[in-house]
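There are 2 protein chains.
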Amino acid sequence: MQFTSEQHLDDGVLEREFTLGEIPGTLWTPGSAGSSGAAQAAQAAPAPLVLMAHNNGLPKAEPRLVARARYTAARGYAVASIDAAGCGDRPRSAADEQTRAELRRAMRAGEPVDEIFESFIGPLVEKAVPDWRTTLDALLDLPGIGGPVGYSGGWAALGIRLVVAEPRIAAAGFFAGGYVPRAQREEARRVTIPLFFLLQWDDEGNPRQRALDLFDAFGSKEKTLHANPGGHTGTPSFELEDGCRFLDRHLK
Amino acid sequence: MQFTSEQHLDDGVLEREFTLGEIPGTLWTPGSAGSSGAAQAAQAAPAPLVLMAHNNGLPKAEPRLVARARYTAARGYAVASIDAAGCGDRPRSAADEQTRAELRRAMRAGEPVDEIFESFIGPLVEKAVPDWRTTLDALLDLPGIGGPVGYSGGWAALGIRLVVAEPRIAAAGFFAGGYVPRAQREEARRVTIPLFFLLQWDDEGNPRQRALDLFDAFGSKEKTLHANPGGHTGTPSFELEDGCRFLDRHLK
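Protein sequence lines correspond, in order, to chains X and L.
Quick note: the first sequence uses our numbering, first residue 1, plus one each step.
Quick note: the second sequence uses our numbering, first residue 1, plus one each step.
It is possible that some hints are incorrect.
[Stated by the list, open to error] On the chain X side, residues computed to face chain L include the following (Cβ under 7 Å):
1. LYS223
2. LEU225
3. HIS226
4. ALA227
5. GLY231
Please keep in mind that the hints were generated in silico from the structure rather than gathered at the bench.
Beta carbons: idealized from backbone N, C-alpha and C, even for Gly.
So here's chain X without its partners, still in its complex pose (with noise of 0.2 Å):
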């Protein structure tokens, strides 16, 4: 892991640019995790580290995830985002293009879109765990950082498939707003770490019903729903210090 870049935020969040191999990520830290050396940080107790991804493979630098992820660092977590594979700025196929490029039309036509979704998003997840858990290993051999890890994304699907797949994952916060693949609604209930699940009742491109159906089928004994009126982008601002209240009883 290289840092290329870093900025210190005037809430003593420390922002840094990384790369691993391939994999472009941002990592924010608290104050008192990694910014003054590796001696002092080894004397503070290690940062619970958060992974935060946004929906569909949108970049790490979209301006939402990046609010929440220096919130959610000035609360005392490490935050680290990345562009996995086929995300963000990373290269993609020819093929993922011309997908993208009929998804938006049949979208702007009023058109059914679930099977365009599916073949879309579907092999995204699968390809983006990958780099998300090679992340994992590197950020979690850093000074300063340590356990119980939590997932906070936009991205549901992603998340579920992250949390089946990585035991090291003690907690998480799914946004219900995004198109989830018939393969992770379907392994929901292999999913059984406690659950903050997130959900705009009025949300014009995702189902409110099958959203419903999705927290439903979660495995989790402690699993919350919080679903507040107004659109995809409407989540009030009093939802962030939740999901991050939600974060504090079981990482810290």
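Since the structure of chain X is already known, use the hints to place chain L on it.
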């Protein structure tokens, strides 16, 4: 309003029984309000008032209500509960007793109970509202207690009726686990204040879809649904704090 007994609790909360005409009630006030004479109370900022009613006429001394009231008072609220007409220890008509007996019989036999509930809860809500409004008038005349006023009730049906009738209530928390008569389901769209709506996902006696439909029907622009797995009495303890944080956002 006549205070008939008082008890100082460990967390600085003062618990007082009162009577107001035929209405018996309990008032919990935080350390800063009411406990040290009118002069001191008048100097401190008045504590916002929270009305707390238990489902379907259960007594104000019901232990879960008392625990919730004490917790809320320790967070800086004046909290009041009463046995309204026909509720708790108040006299019941022979017809009421007969309906309750019929309800118990039908529940044991696994028969449908909606029509019995309708004939029993509907009038109970109507009769309870005037007693709650009389109590609200008297409480707001006390030193150290002020607006804005919140409702935080197990009893959603009473809450809906009261919130629609009573413009002084600025925010309300409802528990979805209780029969809501048709009249209140219909007037839910007239509820426009901020709402906190708590649902037990596997509540034995309360159909989930009916609760989701009720949440959908509320006219409030800010309404938050919190749903957790488990049966009627299984609400996780962290929801107590979440409910208070909701009140903090709107009453403090």
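Hints versus structure:
1. Restraint check, LYS223(X) versus chain L: the minimum CB separation of about 6 Å is within 7 Å; hint holds.
2. Because the closest C-beta pair between LEU225(X) and chain L is about 4 Å apart, less than 7 Å, the hint holds.
3. Taking 7 Å as the C-beta cut-off, the interface hint given for HIS226(X) holds, the closest approach to chain L being about 6 Å.
4. Interface restraint check: ALA227(X) against chain L, minimum CB-CB distance 4 Å, threshold 7 Å, status holds.
5. Taking 7 Å as the C-beta contact cut-off toward chain L, the hint placing GLY231(X) at the interface is violated, the least distance being around 13 Å.
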